[in-house]
Amino acid sequence: MTKKKYLFQEKLIEVVLVLFASISILTTIGIVFSLLFETMIFFSEVSIFEFFTSIRWAPVFDPPSFGVLPLITGTLLIAILSSLVSLPLGLGTAIFLSEFASSKVRKVIKPIIELLAGIPSIVYGFFALTFITPLLRSFLPNTDIFNALSASIAVGIMTLPMVASLSEDAMMSVPNSIRQGAYALGSTKLEVAIHVIVPAAFSGIASSFVLAISRAIGETMIVAIAAGQTPSMSLNPLGSIQTMTGFMVNMALGDIQQGSIEFKTVFAVGSVLFVITLIMNLFAKYVIAKNREVY
Amino acid sequence: MTVKVKVENLNFYYGDFQALKNINIEIHENKITALIGPSGCGKSTFIKTIDRMYDLIEDTRADGHILFDEMDILKSDVDVVELRKRIGMVFQKPNPFPKSISENVLYAVKRHGDVNKVAFNEIVENSLRKASLWDEVKSKLHQSAFSLSGGQQQRLCIARTLATKPEVILMDEPTSALDPIATSKIEELLQELKKEYTVIIVTHSMQQAARISDYTGFFLNGELIEFGNTKDIFTNPKDKRTEDYITGRYG
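Here the protein sequences line up with chains A and B, keeping their order. Numbered according to our numbering, the first sequence terminates at residue 295, and the numbering increases by one at each position without gaps. Numbered according to our numbering, the second sequence terminates at residue 251, and the numbering increases by one at each position without gaps.
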């Protein structure tokens, strides 16, 4: 092959690859643009002050009320309660797999846990509604049919494999020499795990936490099915609530007119959701950069 | 002279592979015992049996006896956590924890409790002084251990081991990753340490063994070929294979 031809091929491949990379960038720009565009129109009709201070969300009522706070608290309630399930259980699983399990046990358990991550979220939604909720109601009779706790448990189970798998990867990447150093000083497995490996893998563990929380904030099907459709500032986990995503999917499924104010609320709420997850991701990047250990 | 560790008929296996064959050796208290031999001869495996570090490797087993004072280390009911506090180990590559310098020294002390916080500063200073590192780090005890040079990191690892007040210190080629100046500092340090501790050091450098040790053992293919006074081994080896090795015919 001549040198010229070789150089041409190199160039061609580079151009094609740049094209591939630019697709995701253009898509992101497109999404942000369409969100912001509709959101600006929304705020020309609804006061931004009302949007962020009113505590009543009833966009399709007459008279309508556009206070997004109940949706934000609903979302945060799901994020917090699901984190109480996914973070400790996920980290515990990771510690077991990385520090306690033999390689044989690990080879069996890890794929099973990762299988959980492959289950579609709608399946978790029905699991919450038809299994977790009746179970909760059997010993907490005051629980609503649609409630935040049941959905949170399902979201927590769904995000657990992400925490477990990413945290385990982070812990496994701590060099064995450090582990041996700790054992040689007379440490038990638990001491090595808690006082050496977890701190050394902190940046990876923290990023898995943030990803799981982000995922919980953005989760749609489970909360749409199991958490209810009642925008509420109440932080009672046994009551029905509505999240930002839950509201958006409801509106999208309903027969609202394109261009109507109800339609635009979807974009306004979407923008809030976007900003919240963006902040979470930036925060994760900051935590990772600050705590990264280079071996 | 007191025997600190007495090894009798020790065999060691990685799966089906026999890495140590019928080892018998006596380690004397407050002396430096050097173990030499070509790569893969079993010298590193041997010191891993003394603090049961091989427990961490799957599919390994040892038989025979290793008497540490009166206790047989190889018995299954030995508390290895307790054992490893009494027998410390320094590794080939410096392996400080990703923590501050003082936290590295205090790691084991904090885990093993029963020391009050007032004593912490004293332990940090004493341990670092014994490892001849104090003067170099006293102004930056709260900086990351990774900010130190390789030689300093290795002395920090020694300090970290000293903080547990071990009786025996095992060293697995502790200077192989270090430059000559850092190496000579560690060698000087060893002469100080042997006043209080019993040291067993694996080294690939015969010159180092000759310089620093009181006793030397020569390993070859999992067997202890010859063991005795360092002076005798290097000037008047009894076994032909030892002579070949120290005169540089293989290795």
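Misleading hints may appear alongside valid ones.
[Said to hold, decoys possible] Cβ-Cβ distance ranges computed for the label pairs, FRET-style:
hint	chain 1	residue 1	chain 2	residue 2	range
1	B	147	A	140	50 to 60 Å
2	B	15	A	2	51 to 61 Å
3	B	15	A	111	47 to 57 Å
4	B	165	A	115	21 to 31 Å
5	A	13	B	139	46 to 56 Å
6	A	2	B	147	45 to 55 Å
7	A	176	B	229	20 to 30 Å
8	A	13	B	147	23 to 33 Å
9	B	121	A	111	19 to 29 Å
10	B	15	A	117	31 to 41 Å
For the record, the hints were derived by calculation from the structure and aren't laboratory data. Don't be surprised by glycine CBs; every beta carbon is placed ideally from N, CA and C.
Taking the numbered hints from earlier one at a time, note which ones the structure violates and give those numbers from smallest to largest. Violated hints: 3, 4, 7, 8, 9; rest satisfied.
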